[in-house]
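Heads up: the sequence lines are chains Y and Z, in that order. Numbered as in our numbering, the first sequence ends at 333 without a single skipped number. Numbered as in our numbering, the second sequence ends at 452 without a single skipped number.
If you are wondering where the hints come from, they were derived from the structure by calculation, not from laboratory data. Beta carbons: idealized from backbone N, C-alpha and C, even for Gly. Misleading hints may appear alongside valid ones.
In silico DSS-like pairs for lysine-lysine, Cα to Cα no more than 25 angstroms straight-line [stated by the list, open to error]:
| no. | chain 1 | residue 1 | chain 2 | residue 2 |
| --- | --- | --- | --- | --- |
| 1 | Z | Lys-373 | Z | Lys-89 |
| 2 | Z | Lys-82 | Z | Lys-335 |
| 3 | Z | Lys-450 | Z | Lys-89 |
| 4 | Z | Lys-327 | Z | Lys-89 |
| 5 | Y | Lys-87 | Z | Lys-134 |
| 6 | Z | Lys-82 | Z | Lys-450 |
| 7 | Z | Lys-158 | Y | Lys-87 |
| 8 | Z | Lys-158 | Z | Lys-373 |
| 9 | Y | Lys-87 | Z | Lys-159 |
Which stretches of chain Y does chain Z cover? Using the computed rule of at least three CB atoms under 8 angstroms from a CB of chain Z, they are [stated by the list, open to error]:
| no. | stretch |
| --- | --- |
| 10 | 110-117 |
| 11 | 148-161 |
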Amino acid sequence: MRAVSKVKQHSIARKSLRRTLFFIVLILLAGSTFDAYNQAQLALVLILFIGVLSVTLLTGISGQLSLGQGALMAVGGYCMALLITNKGYSIWVAIPLAIVGAAIAGLLLGISAARLSGPYLAGTTLVIALAIPTLSNRFMSVLKGDEGLPVDVGYPPNWFTKLFGEPSYEQWQLYVALPFAAIALFFASNILLSRTGRMWRAIRDNETAASLSGVNFSRQKIFVFVVSATFAGLSGALYGLRGLVGPSVYPVSLSLTLLTAAVLGGIRSIFGAFIGTVIVVFLPDWIEAVLGSFELSEQVSNFMPALISSLLLILTVVINPAGVAGTHLHKHK
Amino acid sequence: MNVVRNRASLSRSPRSFITTAAVVLAGALALSAVPAQGASTPGVSATEIVLGMQLPQTGPASPGYNKVDDAIRAYFDYVNSKGGVYGRKITLVVKDDTYKAGLTVSTASALINKDKVFAMVGSIGTQTHISVIKDINRRGIPDLFVNSGYSGFYTDPKKYPTTFGALGTYVVEAKILGKHIKENFSKNTVGIVYQTDDFGRNTVEGLAIAGVTFTAKKTAATFIAGTQGSGLDAQMQQLKDNNVDVVVVGAVASAFAAAVSSANKIGYKPAQWIVISVGADATTFQTILGARGIPAASSAGLLAGTISASHAPSPGEAEDEYVKAFKTINDGFNKGPDKRWDNNVLQGMNIGYLTTSALLGVGKDLTRPGIIKYIEANAAKLPSAALSPLGYSSSTHEAFTGFWIGKYDATAVLKPIDATRKVWTTDSAKGAVTELKYTRPAIAADALPKVG
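One chain only, chain Y, in its complex shape (with noise of 0.2 angstroms):
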């Protein structure tokens, strides 16, 4: 049994293993193709499709209903900046610590939850969020209140301009967000095919049945915490390293940004929350390429982004719930 179970594990890895080696090739090549603009939108929808995988494995998965990733992803985002402006660490240091930070904040955070569900839970993290600007200002002197931490991707070392050359910044930020992407993709896919996924979906449909079935499912709901908030913290870590870290950075609107994007792309599933994200990144940009040339007044296009991805949103949730993957799957049935 142990060495069947060892061949499904290898089995499990290598598929990730090659979703996610194809996932970088594919990024590399839109990349070395798209102008400067398009690369800063690209590195864009690299980090924001970490946190729309938390919402994946939180809400898609186990069924647990957050509105504050945005939350965990200023712990992730504040732990960095501090880390690099009061001890000098570098991007390379400071994100996998922030990473245990925001783990470690998901683990309060689980606890608690454990313990509610649905509108209760979704409250719960909903007033988090909302707390952000005053705990950053609570702790004016170390979070430095409205105006926050700037911080940036910096230049790239010496050892890789010379193997590659002198990278724009645009580019320099999208080689900094793809490996934090291709490892969140690894993990993710591979939480997703093995056993603990399968207990995280079983809790969802049916939390008697699951702990019938032997699944602790206190303990996996604390775990899954844990676990999305990990991606969230990586997520926040990458974007404030846009420039700062500040309240308004992660605002109550980030955390609908990702929960809309995993329901567009198709909340229970990873090709879902990369189809999403480029969604909710470039739908602005689409929007003007087709209505620019109308010259519609300001107050009717500053509105357009969010009332075309409200539309979006409402007509998925109404006539197609499995959003854009779902959407292939049912095809398929």
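Here the structure of chain Y is known, so what remains is to put chain Z in place on it, guided by the hints.
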């Protein structure tokens, strides 16, 4: 293997993942592609100069500020109607960042990489600008006439060499108002309500330098910027309970309106309101109170007697030559949804005028380093509507170093508090407040700057 495949049912096969992802990314590329620019200086061609601006056009921070871009564009349209700058028309590309720094990074990227702007002009918002200022400076992009009084942007040009302000700093203004408070309200209990960001803290810092200090949780009430929408009842109650009869407001106009509304609600009538200029725009104040059901006549009454400061003439000074000229241009060229004449429109017009002056001053050979060097070295040659000179030099990029103090009358117009208007000046450090003697250059009959 079958078990594994079944468990993977929520994911996709690698091949379909590849195909769909490639299609989506190709679509993103195709729809977002922009034509390449041939000019050696980005944003400058033989016929056009492209400038970029980001501000909150929507969202809770937008009231009032969302008029500034329309006013700047109106002045540029006027300049274009007169032949532009050395035959080049000025185009202003505006992006709405909704006052969220995460979005500001994306809008700045779009302006720089997609719209290929020559320079950023008049951007609004301290928090949001902090998120992009380093990147803009690193690229050597002129970051002109930023609408923020945060001294940290300007007092060290080595740190931000391309950034220039469009306002006096909050510290300078607070020091000048602090001097007035010390001289006129020393027998009163002076308190403050301020937003806990750089704006509010710079205000407290400037007042402290002038010798006006407060006690936390007693005579100093605070709130987080952006939360004023739900009212400032608790803050006003705190000041009332501590017998504060002179209230200083270090906050934006929507917060001042909320403070007055809350004080009104709890029956708190301080003898004097003193408001930092950014928070004392009469139109914004009256619009916000109007939305709360207080008619214009009543809100003008609530504003009457409020003391504030300004570096420029009051928009209500109909006989001021700059006000008259800019108002005419606003009437003819402003295509914005709300072109009512007020402080925000005057400020926008003045930034348009200042920008045109700088573009003319540099000459036909317009380059990014050229305009930065020109502004730094020629502050005295740049005309503007302000009643104070520009402070730009190689050691500071602060804009207006002087303010006059005024009081709102019953028609919501800020009038000088002294019989003849006195303009006061100081620095953003510990320097003394002294009277400024400055003669503003006259505006030409065609309202175009005569520079270059």
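Structure-based check of each hint:
1. Between Lys-373 (chain Z) and Lys-89 (chain Z) the alpha-carbon distance is near 22 angstroms, which keeps this suggested pair within the 25 angstroms criterion.
2. For the given pair, Lys-82 (chain Z) sits about 18 angstroms from Lys-335 (chain Z) by alpha-carbon distance, which is consistent with the 25 angstroms threshold.
3. Restraint check for Lys-450 (chain Z) and Lys-89 (chain Z): the C-alpha separation of about 17 angstroms stays at or below 25 angstroms, so the hint holds.
4. Among the hinted pairs, Lys-327 (chain Z) with Lys-89 (chain Z) is consistent with the structure: their alpha-carbon atoms are about 22 angstroms apart, no more than 25 angstroms.
5. A C-alpha spacing of about 20 angstroms is found between Lys-87 (chain Y) and Lys-134 (chain Z), which places the hinted pair at or below 25 angstroms, so the restraint holds.
6. Annotation: proposed proximity of Lys-82 (chain Z) to Lys-450 (chain Z) holds, straight-line Cα distance about 13 angstroms (limit 25 angstroms).
7. Between Lys-158 (chain Z) and Lys-87 (chain Y), the direct Cα distance comes to roughly 24 angstroms. Compliance with the 25 angstroms bound is thereby established for this hinted pair.
8. Taking the CA atoms of Lys-158 (chain Z) and Lys-373 (chain Z), the gap is about 13 angstroms. The hint holds against a cut of 25 angstroms.
9. For a cut-off of 25 angstroms, the pair hint linking Lys-87 (chain Y) to Lys-159 (chain Z) stands: about 21 angstroms separates their Cα positions.
10. Given as covered by chain Z, the stretch 110-117 of chain Y fails the check, having 0 residues with a CB less than 8 angstroms from a CB of that chain where 3 are the minimum.
11. Residues of the stretch 148-161 of chain Y with a Cβ under 8 angstroms from some Cβ of chain Z number 3, which satisfies the need for three, so the listed coverage holds.
Checked against the numbered hints given earlier, the structure breaks only hint 10 and satisfies all the rest.
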